[in-house]
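Q: Sequences listed follow chains Y and W, in order.
Sequential numbering from 1 applies to the first sequence in our numbering.
Sequential numbering from 1 applies to the second sequence in our numbering.
FYI, nobody ran anything at the bench for these hints, they're computed from the structure.
Using N, Cα and C, we set each Cβ at its ideal position, and we do this for glycine too.
Heads up, some of the hints might be wrong.
[To be verified] Derived CB-CB ranges, DEER-like:
no., chain 1, residue 1, chain 2, residue 2, range
1, W, SER254, Y, LYS994, 17 to 27 Å
2, W, GLY401, Y, LEU415, 24 to 34 Å
3, W, LYS376, Y, ASN487, 53 to 63 Å
4, Y, ASN487, W, GLY239, 28 to 38 Å
5, Y, LYS60, W, LYS354, 50 to 60 Å
6, W, GLY320, Y, ASP970, 45 to 55 Å
7, Y, ASN487, W, PRO90, 54 to 64 Å
8, W, LYS354, Y, THR506, 47 to 57 Å
9, W, ARG253, Y, LYS660, 50 to 60 Å
[Stated by the list, open to error] Straight-line distance between alpha carbons at most 27 Å, and here's what the computed DSS-like set of lysine-lysine pairs gives:
no., chain 1, residue 1, chain 2, residue 2
10, Y, LYS431, W, LYS354
11, Y, LYS960, W, LYS265
12, W, LYS117, Y, LYS431
13, W, LYS126, Y, LYS445
14, Y, LYS445, W, LYS291
15, Y, LYS106, W, LYS478
16, Y, LYS106, Y, LYS116
17, W, LYS291, Y, LYS431
18, W, LYS291, Y, LYS447
19, Y, LYS206, Y, LYS142
20, W, LYS291, Y, LYS973
21, W, LYS209, Y, LYS450
22, Y, LYS396, Y, LYS435
23, Y, LYS699, W, LYS108
24, Y, LYS446, W, LYS129
25, Y, LYS747, Y, LYS810
26, W, LYS238, Y, LYS994
27, Y, LYS578, Y, LYS447
28, Y, LYS480, W, LYS91
29, Y, LYS810, Y, LYS106
30, Y, LYS973, W, LYS265
31, Y, LYS446, W, LYS354
32, W, LYS91, W, LYS128
33, W, LYS117, Y, LYS949
34, W, LYS117, W, LYS354
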Amino acid sequence: MPVPLVLRLCLLSVLLNISFCSVLGAAAKPSISYNRDVRQILSDNCFYCHGPDASHRKAKMRLDVREEALKKEAFVPGKPDKSEVVRRIFSADPEELMPPPDSNKKLSPAQKELLKRWIAEGSTYEGHWAYQLPVRPAIPAKSNPIDYLVQQRLKSIGLVPAAEADRRTLVRRLYLDLIGVPPKPEEVDGFVQNKSLNAYPELIEKLLASPHYGERRAIAWLDVVRFADTIGYHSDTGRNIWPYRDYVIRSFNENKPFDVFTREQLAGDLLPNSTLDQKVASAFNRLLLSTEEGGAQAKDYEARMLTDRVRAIGAVWLGQTIGCAQCHDHKFDPITSHDFYSMGAFFADIKEPIIGAREPGMFVPKDQAQADELVKWESKLTGLEAQYNGPHPELKDSFATWEREQTSAVERDRLWAALTPSSAESAEGVKLDIKSDQSILASGKKKPEKDTYAITLTNLSGVVRGLRIEALPDDSLPAKGPGRANNGNFVLTRIRAVVQHGDGTTEPVSFHSARASFEQSVAAESNPYKLWSAASVLDANAREDSTGWAILPEVARRQQLQLEIETPLEFKTGDTLKIELVQNHGHGSHTLGHFRLGATSNPEALTNKIPVSPTKEIADIAALAPEKRNQAQKDKLWDEYKKQATELMSLRQEIAGAKKSKTDFEATVPRCLVSVSEPNPRTVRILPRGNFLVETGEKVKPAFPGYLKASWQKYEKPQLTRLDLADWLIAKENPLTARVTMNRLWKEFFGAGLAKSLDDFGAQGESPKNQALLDWLSCEFMESEWDLKHMVKLLVTSRTYRQSSVMSGKALAVDPQNREFSAQGRWRLEAELVRDNALAISGLLVEKIGGPSVKPYQPDGYWENLNFPVRTWEKSTGDDQYRRGIYTWWQRSYLHPSMVAFDAPTREECVAERNRSNIPQQALALLNDPSYVEASRALAARVIQFGGKEMSTRINWAWKQALGRLPRTDEIKISRDLVGRQLAEYYSDPEAAKLVIHVGLAPNPDGIDPVELAAWTSVCRVILNLHETVTRN
Amino acid sequence: MSSPHIYFADEKTSRRVFLGRAAHGVGKIALASLLGPSLLSNAVAAAPRAANDKWPGVVHPPHFPIKAKRVIWLTMAGGPSHLETFDYKPKLAAMHGQPMPESFTAGKQIAQLQGAKLLCFGPQHKFKKFGKSQAEICELFPQIGSVMDDICLIRSMTTEAINHDPAHMFMNTGSQIAGRPSMGSWAVYGLGCEAEDLPGFVVLTSLGKGGQNQPIAARQWAAGLLPSRFQGVHLRGKGDPVLYLGNPPGVTRSQQRDVIDAVNKINTRYDAVADDPEIATRIAQYEMAFKMQASVPELMETKKESQKTLDLYGCQPGDGSFASNCLLARRLAERGVRFIQLYHKDWDHHGGVKDGIALKAAEVDRACMALITDLKQRGMLDDTLIVWAGEFGRTPMSQGGDGRDHHNAGFSVWLAGGGVKGGTVFGATDELGYSAVENVVDVHDLHATMLKLLGVEHTRLSIKFQGLDIRLTGIAGKAIDPVIA
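This is chain Y alone, in the form it adopts within the complex (with noise of 0.2 Å):
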């Protein structure tokens, strides 16, 4: 919200007094400032259409450019009433008024003074504040710096700093803001009590080296990254990623500069000789949302994956509201489409899919022990698989004697020829095609579970002896077939021929016998053969429903049945053969899916024993004279034949069992996505208004904005890199990064940015009311080689920090925001603290840090919309049921609702900051989600455990465990009457009792009274739920 005229003129006329102004120079003069005063009046009302974007520019009027203002006279310096400007917004003719009325902007008549007495005092721009570098402002010697600026600002308005906060205060402040959880009791009063000098800095020390403070630090982290366990579109199904929240918290623990930290997860991979923790920090490149929705377009996503990441670099680094850019040049700040699209241009290197699931990721083994067992499989398999492929001359005489049997049964099977139906129906209406092979294919939708195929032939003639059908593969069946069961099977359950003659006779035909390139064994209990074997098609007593031919597992290659005709059939002009392929199995659609029917007149193409039908590729080769064949179809051969050599049988076991074992052990190895670059980037184009259709658009370059590039020419290469960008974020030449992230860091220490926005440093954004401090964290921050811990120490330690969260009548009067920091801030904690706070207050918190994420308790039923597949959450146990917040799962489209009803946004897109809300539904989770519950009875029982037996020592300890202190009188009487109560209604109905004290997984105490613990357990309830349990003040 843009700072109102009515309180700037306020606050200007009191800022006539004084002259902290070091850092703005020239205007300690009480004039009307350019970026203070009138760049957001003009950027709100009037650069929409007269500003920097040209495609949407009326009237050729440009505002935002001194220089072409005052070519048109929009502004004359020093004579307003000249200025057409003045003449507009003045204007009683709605045709003439500016901003125009049907553009719902309308300035105040304080707006237009100001800005005719900013042409009266010449119009003077200035650059807009954020686009300088930041300047150190002078700071008295042995002055805390930050309080030194900080009272400056207040002296001027008339405040003074709040009272210092109590210690219990401040120690409960520290601890949540430095590592997250509340301080013991014992922690509290040891800091109460401690009445040393070095009390607070020792504690400040011990927290910044609390492996926890990473943990603390990495939540407003994770949620500017968009960091998620979740793709985000559609199915938003899982991906390896949490290696790098990990990532995240241990560079914070170890303090790795901002630079660094930066470099790392930009370009990590690009880094030489990178190691596996900046692979990892490479993740952050893979953090946006993908999809795997059916009919995505690859070039949509394209576009889709661009923007986003152009949007996070302006909002992780620059606190630039880029994305405008995407369709148009930026209406408010200098952003070109081209810079937009060039910013882009820096990922095209990032190996990817596009659209679909993506790649399991890199290993990231948690121990050398596991890095060392994965390179153990990797050479143990390489070693069997170098034997395999060795030359094997041992084998050379078996490899002859397969190879004839190759070409025999390649032979034999020219003994057949196919036939070529002159119809086939379904009885059931499937759709049958005859193929140009004369083979017969089952498609479309429809998918009966019996069906008979009735297939007529005709220009048959001569002799027949045998009748097969070859049941064949086919990409459209599932598992390619034959069949159209599911897993590529059918059961074939009768075989009837009748031969029709000219004259109008019909003849059964009648078989001798059958046989098959297979027969199933598997799944035959129910069947009286035992087997799915060729013989049944022709037992016409056999049961449909439980006999046939079948051939699971050989699917997805071509089988046949042979039948030998009793009587040889001799064809004459007219004849016609009718065959009728009965499927009566009757469950699982068993029909046929690709098949071709063939007849001999050879009796030796009816040998007893039919081989295993080679692939046709193999049974190809086979027919090739072996003088004809090339290389590779001799190796094709060869590798055929190794893998049914007999001789080689135990090496391809042991294959096959060190490829399992190497899945399995890799299973257990965590993954993560990271960035992979390409050495062939994907084109990037400039697309006109955001459109993916066109690709017509201009082809660009990595490249920085042009409006940041100024003096920068050291980053000119022929090919910029991600490393560049990185680089180039954290040059000290950049005016925003530094600015950027210590508006955010003291954010999370002040409860509120020194600029408000923290994600619009643009033109748009709210200007810093204490620039000069915000300047001086900054250039602190990256003249200590960007050392965050020492930032943060500079934060706590100050004054300004101390102080306490009530304001003071007047300057509730004076500054009811608390803009200048007259008093401390005070919020709800986030939601991953409001549940660290619960499980540390009651015990349960387990203080494991790292690991894949983890699932506590959630209702059931909550994933119901999820599909693709359909989910259930499975809630973690043991330890990981009491893990800290920031390691709960992130489902994108359906976050844990507790997380989302205090404020955790769903990180599909950067979030620099949260929203913070008071709504019902936090009081239902504190109530009732089975964790607070669960907290609840658990710090009962520690309460009767160790709380002594007499009611108040129990109450005060309680507090104590809480809150780190005591309970006043009236939380005594409370608690007390509260009680009483629940134990008379506990003690009349003792199975409520001990529904309580069992929500959850955790175990009680062995010897506690459930009625007992059930009563306390309300007490605690309330604990929780108090406003002060949830509030860092």
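Given chain Y, work out where chain W should sit, using these hints.
A: Same frame as chain Y, but now just chain W:
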């Protein structure tokens, strides 16, 4: 999503500080300066001070006469085929099996049919004329046909997205970037909450029997960059209707009351020390939560409806059907809920569109009629806007020989009640049902129209976010006046 540049906690602080805690004594001028002209003139100055933290809305007074006080939005999720529901195309029937002329498809987005041969696929069901307006709709929807004179059918709808997830996002938020407020959130933000003990924006979902139940993300009813109080609350068919609504096992309602009383009493005393306006809000939220623990189960008790009403909808209490949800929608409307959104899934007929539509018709036809009829009988149809819409339509070309692919160049939606001109048909697609060609309506237009019926000029309902005036209608949108009575 990111935080808005309006700060509700602050604002409330200010309101209380200035209006409630006069001891600190500050004039109204300073208040104006704090809230900014827009918020002052809207939320605070003109609205009556809510007694129990009920949101008053920012649109005061309304920009247009209020024709609809609330909205029931029936989302037919998956993308219903307009060609088997509301848009009859005899020419398409005549060209069944022939190649789709390229002049219709050139330069358009295609989803799963990318690279496939595009063949015309005629309407799979017969159409029939209904009502005084003689609008021609599929004969599988005779019940909707029977109330056709209350319906305004729009046959020229278009949208920008062609995959389910982005298309839902666009239809709900006017943007394909996650994190913008959904239309229900906008409605409550703009117009406030009337219900005493229910949220202002409620969502219900139901599954279809055909098995094509595409996922729907909670983002579709999220408040996005508006404060969380405006998010839609999903009323669930199974388990607690609202998440965490039920007391813990072994805790009675009076025991829960006892706990809440203790919390509120201690918080009240704490306020005296801490002087924190958020405390009063928290106390109000605990009261609201406790009220919801009773009001929501009461709301869900459709058993108390008369047999006649149950028969009208054709549902059994608690069966979780779309019809049951329509009945619940009426009960929510009666209780002052501003925006009620139903999702009925399973319209994604890539295959078997003929049987699929028949199945869907059986699930929704009677229920839609019943909702209109029931509201009418209770005198509520006049100020309740009903919208029936999918996230997109389906191709006039076949997919796999018996289905249709996603399609965004033209499809049908309908409106009823709430100031809508019943018995009319607006707009048309080309002769093959591919593109909307007459009175083309886009999603922003539909939103602008809805807002106008609610009394809101869509360009004037905005919030500042990252320096921009964010609106439901983006930077476009035009209310369709011809559909307004």
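Q: Against each hint, give a clear statement of whether it holds in the structure.
A: The hints, checked one at a time:
Range check, SER254 of chain W to LYS994 of chain Y: about 19 Å between beta-carbon atoms, so the 17 to 27 Å window is met. For the hinted restraint 24 to 34 Å between GLY401 of chain W and LEU415 of chain Y, the CB-CB distance of approximately 39 Å leaves it violated. Taking 53 to 63 Å as the suggested C-beta distance range, the pair LYS376 of chain W and ASN487 of chain Y conforms, at roughly 54 Å. Between ASN487 of chain Y and GLY239 of chain W, the C-beta spacing of about 36 Å keeps the proposed range 28 to 38 Å intact.
Distance hint check: the CB atoms of LYS60 of chain Y and LYS354 of chain W are about 58 Å apart, consistent with the given range 50 to 60 Å. A beta carbon spacing of about 47 Å between GLY320 of chain W and ASP970 of chain Y agrees with the range 45 to 55 Å that was offered as a hint. Restraint check, ASN487 of chain Y to PRO90 of chain W: a C-beta distance of roughly 44 Å breaks the suggested window 54 to 64 Å. Checking the proposed 47 to 57 Å range against LYS354 of chain W and THR506 of chain Y shows it is violated: the Cβ atoms sit about 39 Å from each other.
For ARG253 of chain W and LYS660 of chain Y, the hinted distance range of 50 to 60 Å is satisfied, since their beta carbons lie about 57 Å from each other. Distance hint between LYS431 of chain Y and LYS354 of chain W is fulfilled; the C-alpha atoms sit about 17 Å from each other, no more than 27 Å. With a C-alpha separation of about 19 Å, the suggested pairing of LYS960 of chain Y with LYS265 of chain W holds against the 27 Å cut-off. Proposed proximity of LYS117 of chain W and LYS431 of chain Y is supported: the alpha carbons are some 19 Å apart, at most 27 Å.
Simply put, LYS126 of chain W and LYS445 of chain Y have alpha-carbon atoms about 22 Å apart, close enough for the 27 Å limit, and the pair holds. At most 27 Å may separate the alpha-carbon atoms for a hinted pair to count; LYS445 of chain Y and LYS291 of chain W exceed this at roughly 52 Å. Restraint check for LYS106 of chain Y and LYS478 of chain W: satisfied, since their Cα atoms lie roughly 22 Å apart, inside the 27 Å limit. Annotation: proposed proximity of LYS106 of chain Y to LYS116 of chain Y holds, straight-line Cα distance about 16 Å (limit 27 Å).
Using a Cα cut-off of 27 Å, the hinted pair LYS291 of chain W and LYS431 of chain Y is violated, with the two alpha carbons roughly 61 Å apart. Annotation: proposed proximity of LYS291 of chain W to LYS447 of chain Y is violated, straight-line Cα distance about 54 Å (limit 27 Å). At most 27 Å may separate the alpha-carbon atoms for a hinted pair to count; LYS206 of chain Y and LYS142 of chain Y meet this at roughly 26 Å. Of the pairs offered as hints, the one joining LYS291 of chain W and LYS973 of chain Y holds, with about 26 Å between alpha carbons and a cut-off of 27 Å not exceeded.
For the given pair, LYS209 of chain W sits about 24 Å from LYS450 of chain Y by alpha-carbon distance, which is consistent with the 27 Å threshold. Under the criterion of a C-alpha separation no larger than 27 Å, the hint pairing LYS396 of chain Y with LYS435 of chain Y is inconsistent with the structure, at around 41 Å. With a C-alpha separation of about 23 Å, the suggested pair LYS699 of chain Y and LYS108 of chain W falls inside the 27 Å cut-off, and the hint holds. Using a Cα cut-off of 27 Å, the hinted pair LYS446 of chain Y and LYS129 of chain W is violated, with the two alpha carbons roughly 32 Å apart.
Our distance criterion of 27 Å between C-alpha atoms is met by LYS747 of chain Y and LYS810 of chain Y, whose separation comes to about 23 Å. A hinted pair counts as satisfied when its Cα atoms are at most 27 Å apart, and LYS238 of chain W with LYS994 of chain Y qualifies at roughly 25 Å. About 24 Å separates the Cα atoms of LYS578 of chain Y and LYS447 of chain Y, which keeps this hinted pair within 27 Å; it holds. With a CA separation close to 38 Å, the supplied pair LYS480 of chain Y and LYS91 of chain W exceeds the 27 Å bound.
Of the pairs offered as hints, the one joining LYS810 of chain Y and LYS106 of chain Y is violated, with about 32 Å between alpha carbons and a cut-off of 27 Å exceeded. At roughly 11 Å between alpha-carbon atoms, LYS973 of chain Y and LYS265 of chain W fall within 27 Å of each other, so this suggested pair holds. For the proposed pair LYS446 of chain Y and LYS354 of chain W, the alpha carbon gap of about 13 Å is at most 27 Å, so the pair holds. Restraint check: the Cα-Cα separation between LYS91 of chain W and LYS128 of chain W comes to about 16 Å, which is no more than 27 Å; the hinted pair holds.
Our distance criterion of 27 Å between C-alpha atoms is broken by LYS117 of chain W and LYS949 of chain Y, whose separation comes to about 82 Å. The suggested pairing of LYS117 of chain W with LYS354 of chain W holds, with an alpha-carbon distance near 21 Å, which does not exceed 27 Å.
Against the hints set out earlier in the document, violations occur for numbers 2, 7, 8, 14, 17, 18, 22, 24, 28, 29, 33.
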